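Protein chains in written order, with this note's numbering: chain A, 1 to 316; chain B, 1 to 329.
Please note that the accuracy of each hint is not assured.
Unchecked claim - Computed footprint of chain B on chain A; a stretch qualifies when at least three of its residues, placed anywhere within it, have a C-beta under 8 Å from a C-beta of chain B: (1) 77-91; (2) 224-236.
Unchecked claim - Selected chain A positions facing chain B (in silico; Cβ < 10 Å): (3) F28; (4) V166; (5) M246; (6) Y293.
None of these hints come from the bench; they were simulated from the model.
Owing to the predicted nature of the structure, the values given are computational and were not obtained by experimental measurement.
C-beta: ideal position from N, C-alpha, C; glycine also.
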Amino acid sequence: MKVVKQMVPLLAAIIILLLLFRIWVPSFLTPENMLNLTQQISVNTILALGMTLVILVGGIDLSVGAMVALVGTTTVYCLTALSGDTQDPFMLLTAIFAGLGVASLFGIFHGIAAAKTAMPPFIITLASMLIARGCALRFNSGLPMPIKDEQTWFLAIGNGRLFDVVPYPVVIMLSLFLLMALLLHRTRFGQHVYALGGNREAALYTGIPTVRVEITVYLLCSLMAGVAGMIHTSQLYSAEPGSGEMFELTAIAAVVVGGTSFTGGRGTMFGTILGAVIIGILDKGLNQAGVHYSLQYIVKGAVILVAVYLDVRRNR
Amino acid sequence: MNKALRFLISSSLLLLFVPLLSGCNDSSAPGTGSDPAQTEGNTAPPGRLFGASFQTLNNPFFVDLGNGLQKELAAHGDELIILDAQFNSLKQKNDLSDLILKDVAGIFVNPVNWEGLKGSLLEAQRKNVPIIIVDAPVKESDEELIVCTVASDNVRAGQLAAEALAKVNPKAKLVVLHLSVNKACIDRVAGFKETLQKYPEMEILDVQEAKGTTEGARPVMRDLIGRYPDLNAVFAINDPNALGVISALDSANKLDDVTIVTVDGSQAGIKAIQAGKLHSTSAQFPKEIGKIAAEKMLAHLNGEPVEKDVKVRVELITAENAEQHLEAD
């Protein structure tokens with residue numbers, strides 16, 4: 001019940017935004033436009049789900065944007081090298097696992113470094129953001145790597161639709177949301193995450209395996225970035241070594257607008273997905289209302305400030 | 001609960017604020033396929049809405065291009081929404097689908113990633129929204145999905161730069177500052193090298209990457225001065241790069257010994273020519289690119305055939321004609 005009550009302002013904000021933009025743009029609430037909205041927010045939402053866990057334990061992961069690029073280039077490189085012009089489910093899976101494998105390595109490293117050393121997560125992931133970006137740019141001398149038209153399965157990840165209606169990115173996003181919500185709100189691991197973010201020392205003394213929890217948290221965040229990277233790459237019909245810049249910031253924005261405390265210990269997955277929806281509606285609405293691009297920045301900045309200010313006041 | 005209420009009020013106030021600020025646009029964007037039947041002069045059915053998506057608007061070139069588009073469309077009573085993709089190909093994809101779902105009559109795209117536009121082009125095709133690519137090409141296999149490409153004649157720009165250099169120094173020992181991820185720059189250098197073959201005594205000592213920016217060119221140029229003592233000419237792929245070269249040569253006290261040629265025609269470049277620091281720049285005309293792109297779009301909507309590859313003129317600016325180009329803008 002408490003969770004539901006916390007979500008009321010966010011849901012209300014969403015409804016108001018939808019109605020406002022409906023007045024402004026007559027075609028705004030059409031099913032097609034709304035379905036397109038869910039597709040547009042999928043990459044950011046998936047990144048934000050992982051980011052929520054990391055912020056809940058009092059950390060941050062600045063590397064997710066670069067990870068999107070690195071996972072994309074690794075996967076497309078393997079896919080092209082392994083299968084050439086033909087399609088083979090085994091090769092496709094191998095390429096996908098190679099991409100997710102690279103992401104896992106980074107995630108595990110983040111977790112160990114954050115848990116075992118005194119280095120701040122901000123710096124650890126800032127460094128690995130640069131390393132991951134550099135690795136991505138090693139491919140194809142930094143130029144986009146096209147996906148061959150024959151790879152219809154991989155291209156379907158970002159462009160196909162389930163039953164010709166629901167885009168696969170939306171299906172993936174919702175499944176991952178359910179998974180992460182169950183993990184955070186219905187398992188012991190989830191309780192440990194809150195405990196760790198609430199008070200690290202107390203968590204340690206109560207016998208919570210803090211190192212293991214922290215490694216899992218960063219690993220999950222990097223894996224989410226990996227999945228987002230697959231979708232992103234597929235949607236663009238190419239892996240782009242330079243893509244994903246600033247994605248970490250949009251993801252963080254969704255998390256904090258969704259009511260997760262930046263100091264850790266407080267926040268929900270449901271809040272995060274609503275935060276991502278709010279940012280998505282703003283993007284789409286301002287675009288379709290024909291608001292000048294300079295004003296779009298200002299409005300988005302102001303909305304983030306207002307949302308977080310109200311949240312901070314509410315929880316003081 | 002009253003806190004929730006406060007949230008509601010403040011967020012709605014904030015959003016009501018926006019239309020006041022922008023003071024724009026209640027055009028209800030009448031249907032796309034407005035018939036080409038009326039061929040009464042150039043007054044096409046007015047009040048249509050168009051969209052444009054640029055890879056960045058943090059560059060005067062694209063701002064000018066957008067203004068060129070807007071002016072020409074406004075002359076026909078049409079409106080234009082311009083969106084900034086901030087070098088982010090995902091944002092560009094989302095921006096494009098927003099425009100397509102808003103039923104705009106046509107879209108102008110300057111692609112962030114020229115390999116990555118196919119999804120958006122297919123979406124536009126399904127909705128019958130025509131697309132014109134401006135300033136940079138797309139993949140050949142995607143060309144059938146667009147109306148046409150309107151861009152500077154970049155090969156010609158490179159040729160002009162080479163001719164200008166040959167005139168002052170037919171035995172030049174030169175270096176090239178490149179931005180090889182960019183198709184426009186690849187074309188410029190190709191045109192430059194092509195013309196160079198007519199002058200066997202000119203020699204390219206080295207080709208280096210310099211990011212297309214002033215900050216990028218400066219350190220690269222300093223290294224080159226040290227490595228090649230007999231270097232006496234530079235071809236930089238754009239004005240910002242040339243300004244970095246000038247700065248590096250100036251601090252090494254070598255500016256008088258080296259001839260610099262470049263491509264762009266920005267105000268900063270023209271001022272450098274007037275100051276005697278830059279020899280020439282092959283000017284592009286972004287406003288004209290915008291105007292021509294808009295004309296082609298209107299022609300296409302009127303059912304007229306449009307050629308696939310539209311090249312916009314480039315013109316050499318030297319000390320002789322610098323003055324008039326400075327005033328022109």
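Those earlier numbered hints the structure runs against, lowest number first: Those not satisfied are hints 1, 4.
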